[in-house]
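Asks: Mind docking chain B on chain A? Use the hints.
Quick note, the sequences are listed as chains A and B, same order.
Residue 203 in my numbering sits at position 203 of the first sequence; the count goes up by one each step and never skips.
Residue 9 in my numbering sits at position 9 of the second sequence; the count goes up by one each step and never skips.
A few of these clues could be false.
[What the hints assert, rightly or not] Below, a list of computed lysine to any residue pairs in the SDA-like style, where the Cα atoms sit at most 25 Å apart:
| id | chain 1 | residue 1 | chain 2 | residue 2 |
| --- | --- | --- | --- | --- |
| 1 | A | 22 | B | 105 |
| 2 | A | 204 | A | 84 |
| 3 | A | 204 | A | 191 |
| 4 | B | 65 | A | 215 |
| 5 | A | 204 | B | 91 |
| 6 | A | 22 | B | 78 |
| 7 | B | 298 | B | 425 |
| 8 | A | 204 | B | 383 |
| 9 | B | 65 | A | 203 |
| 10 | B | 41 | B | 26 |
| 11 | A | 22 | A | 202 |
| 12 | A | 22 | B | 44 |
| 13 | B | 41 | A | 82 |
| 14 | B | 65 | B | 274 |
Since the hints were made in silico from the structure, they are not lab data.
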Amino acid sequence: MAIVFKTGAEENHVIGAQGAKKIRRWLDSTYRFKISQTIYDLSPTGEPYPKLRVPQLVRTPVDGSGSEERFERFDLVGSVLDENGGTGNTLYVECKNYSEAGNQGTLYDEYLAVCYSAFVRWSRQVDAPMDVEFMWATTHPFAQTNYAQLTTASQIEAACAAHPDRLGDDTFDSSIAQQLEPRLWLAIVNSRVEEMIMGIELRKAVVARILELEES
Amino acid sequence: MTFVGELHAALERPHRGESADAVHDLIGNALRRLDPAVDIKRTHYFTHTFVPDIVLRWNDDGIRKERHVHLRFSVTAPVFQQDLDLLSSESPLFIGMTDREGLDAPAWAGGDTSTNGSLVTQGQAVDDLDSTTRVDHRVRGATGPIVRVGHGILDATRAEQVGGSYMDALQAVDAMAVDLVAAQEHVAGALATLHDYLPEHGQLEVERGLQSEWIRRGGDPYEFPSSTPWNPELLDIGALREVLVSLLASANPVEPETWQRNAGFITAEDLGRVLGRNLRGGTFNNMARALLPNWTAKWAWSERLPSPPLEDTYEWLVDNGLVGIEVNDLRTFFADDGRHFKDKEGGNPLPMLSDAQPMLSQRGLLQVGLRGRLEGIRYEPLANASDVFERIRQILSAPGAGGYRIQSVRTLVPGVDSVAEIDLDRQIFDLGGRSTPVSTLARMANRFFSRATRPEGLDHFLATGEAPTAREVDAA
Numbered sequence: 001m002a003i004v005f006k007t008g009a010e011e012n013h014v015i016g017a018q019g020a021k022k023i024r025r026w027l028d029s030t031y032r033f034k035i036s037q038t039i040y041d042l043s044p045t046g047e048p049y050p051k052l053r054v055p056q057l058v059r060t061p062v063d064g065s066g067s068e069e070r071f072e073r074f075d076l077v078g079s080v081l082d083e084n085g086g087t088g089n090t091l092y093v094e095c096k097n098y099s100e101a102g103n104q105g106t107l108y109d110e111y112l113a114v115c116y117s118a119f120v121r122w123s124r125q126v127d128a129p130m131d132v133e134f135m136w137a138t139t140h141p142f143a144q145t146n147y148a149q150l151t152t153a154s155q156i157e158a159a160c161a162a163h164p165d166r167l168g169d170d171t172f173d174s175s176i177a178q179q180l181e182p183r184l185w186l187a188i189v190n191s192r193v194e195e196m197i198m199g200i201e202l203r204k205a206v207v208a209r210i211l212e213l214e215e216s
Numbered sequence: 001m002t003f004v005g006e007l008h009a010a011l012e013r014p015h016r017g018e019s020a021d022a023v024h025d026l027i028g029n030a031l032r033r034l035d036p037a038v039d040i041k042r043t044h045y046f047t048h049t050f051v052p053d054i055v056l057r058w059n060d061d062g063i064r065k066e067r068h069v070h071l072r073f074s075v076t077a078p079v080f081q082q083d084l085d086l087l088s089s090e091s092p093l094f095i096g097m098t099d100r101e102g103l104d105a106p107a108w109a110g111g112d113t114s115t116n117g118s119l120v121t122q123g124q125a126v127d128d129l130d131s132t133t134r135v136d137h138r139v140r141g142a143t144g145p146i147v148r149v150g151h152g153i154l155d156a157t158r159a160e161q162v163g164g165s166y167m168d169a170l171q172a173v174d175a176m177a178v179d180l181v182a183a184q185e186h187v188a189g190a191l192a193t194l195h196d197y198l199p200e201h202g203q204l205e206v207e208r209g210l211q212s213e214w215i216r217r218g219g220d221p222y223e224f225p226s227s228t229p230w231n232p233e234l235l236d237i238g239a240l241r242e243v244l245v246s247l248l249a250s251a252n253p254v255e256p257e258t259w260q261r262n263a264g265f266i267t268a269e270d271l272g273r274v275l276g277r278n279l280r281g282g283t284f285n286n287m288a289r290a291l292l293p294n295w296t297a298k299w300a301w302s303e304r305l306p307s308p309p310l311e312d313t314y315e316w317l318v319d320n321g322l323v324g325i326e327v328n329d330l331r332t333f334f335a336d337d338g339r340h341f342k343d344k345e346g347g348n349p350l351p352m353l354s355d356a357q358p359m360l361s362q363r364g365l366l367q368v369g370l371r372g373r374l375e376g377i378r379y380e381p382l383a384n385a386s387d388v389f390e391r392i393r394q395i396l397s398a399p400g401a402g403g404y405r406i407q408s409v410r411t412l413v414p415g416v417d418s419v420a421e422i423d424l425d426r427q428i429f430d431l432g433g434r435s436t437p438v439s440t441l442a443r444m445a446n447r448f449f450s451r452a453t454r455p456e457g458l459d460h461f462l463a464t465g466e467a468p469t470a471r472e473v474d475a476a
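Just chain A, with the same shape it has in the complex:
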């Protein structure tokens, strides 16, 4: 089966490396996430690395021939850390560097459908809910009237209904959406939130302690 690397909307998306870097810096500064790669970290040939790709469900062609693989790329990939810095689930982050709400509501629905599709694909491979989490991290809030519902199973269902192509041959499964719901993060990282990052001296002390713990 030929693998077609889908050149998705990500490359065309208007988010600069500066925005991704800013969100990454904030996530790293919490020490509850550690991001290891961004979409702007390119290979020597100028290509993004496959580690940022997530697989998607695909529809089987009517002629019965093998279906093509389909992927979507996220902006950041890393790990969720537990309270003591222990490495947990893999985390994929979609970064949005906006100065207003813009069309984030529409894009967010597609993002949810992509997350659902990837989660189903992976969980099917391992025959269990996949140890993966997803985050939408934006510099500006959106869908304020529906904000509390944005990471719920019902919102996932609505998103999949709006983007049926993301389900491939599958039909929506609400039990899977229930499993996905606690794996979704929504973060608003505006400039005031950035101010919460600790200063150099305190950070040095924290890093020194982390290095001590790494050796113990």
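Replies: Same frame as chain A, but now just chain B:
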């Protein structure tokens, strides 16, 4: 496959954890090859914004130092400026792993390429330096300081210049006997190239490394193109040690005046500490012979070996930080500070008074402490005895005096205005705080403690630094 090839293959590994581990291994090993003096500690963070990927640790004259290594995919992109802003106050080492361009005009720098003590480099530059050290491992004299304290921007082009100029300098030093001027020019060129990437203490380290190589190849330190005129007295112990050890390791004969110029100001007390290692015979004999006229001590301690060696032994040595001499069955150490010998225990076999004629046969004896079988120690003044042996015969003629042994001797030191208190039980000389030539002390130690040394042999060794042949001893 080259280091960069392996690095790129590691980054292509699909599993994030495996990929990070492989990258850390490759870069850690490459840095260790560039500077074997550093300990490499990997973390479990990969390209993290704040936590380093690798921590380098080393010992700098007893002070533990460290440097963080932050890996980045690119150090040419404009966003790298954020990393510099956040982390440069700690002067880390940044390595760009997948850059396609060099760092001639990085997008983040604008007109200002200052890095606040950080070293910004790339995988290809590490590869170039690594290749150069594989050609000649001595290039680590330059790559080591760069890894530990280097700063600025070092891309592949500059790394090639750095490694190349240092290797040229080494080769010119190797051929110094043929063309001294070329050696001086290449060394000066290498130092100038490296100075752009090193702080002052790093520059000094590189300079000393090249200087050591210069000296090892038989070069005169005064002809080395150093940044300041050569004055060994201004060197710290580490630098002085490097110079002296290089001279000791030199394949060419070192002239006595070279030893005098570079170590003539070091006392016998300090020399062992400066050299920082145990030494015995060989080139150290030549060094000792050249410096012996300068050496004095206020204390000496001897230990007698259980039995004399089958062949005569004459060697200068440094053991446990003290300068000493081994002559056949006797090893004697010299010091200005008597605390070196305060824990030396007694119990050495004391010579019988009746057998002590050679020991007591010289002028200047002031007092002998005698230990009898029944009585304790008896101090017998001899300063006014016109004939010491007549007096001793009188002592021995007394009832029960046949078992007297000599416990101590108080004597004038030949040739100098000082008195030696000699404890034969502990085999220690106390010169009462007066500096006394080491050569004199060596002779006295052999006279009082050795049972297997002919003074003529020792005199020959002290004068020439070479063990005498049997014929030479007989002739003397």
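Asks: A separate judgement is required for each hint: does it hold in the structure or not?
Replies: Each hint, compared with the structure:
1. A:22 <-> B:105: The given pair, whose Cα atoms are some 24 Å apart, holds under the 25 Å limit.
2. A:204 <-> A:84: holds (18 Å)
3. A:204 <-> A:191: It holds: about 22 Å lies between the C-alpha atoms, which stays within 25 Å.
4. B:65 <-> A:215: holds (17 Å)
5. A:204 <-> B:91: Judged against 25 Å, a Cα distance of about 12 Å means the pair holds.
6. A:22 <-> B:78: holds (13 Å)
7. B:298 <-> B:425: Holds: residue 298 (chain B) and residue 425 (chain B) sit about 19 Å apart, inside 25 Å.
8. A:204 <-> B:383: Roughly 74 Å separates the two Cα atoms, so the pair is violated.
9. B:65 <-> A:203: Cα-Cα ~19 Å, so holds.
10. B:41 <-> B:26: holds (13 Å)
11. A:22 <-> A:202: Given that 25 Å is the threshold and the Cα spacing comes to 19 Å, the pair holds.
12. A:22 <-> B:44: holds (22 Å)
13. B:41 <-> A:82: This hinted pair holds, its Cα atoms lying about 23 Å apart.
14. B:65 <-> B:274: Judged against 25 Å, a Cα distance of about 23 Å means the pair holds.
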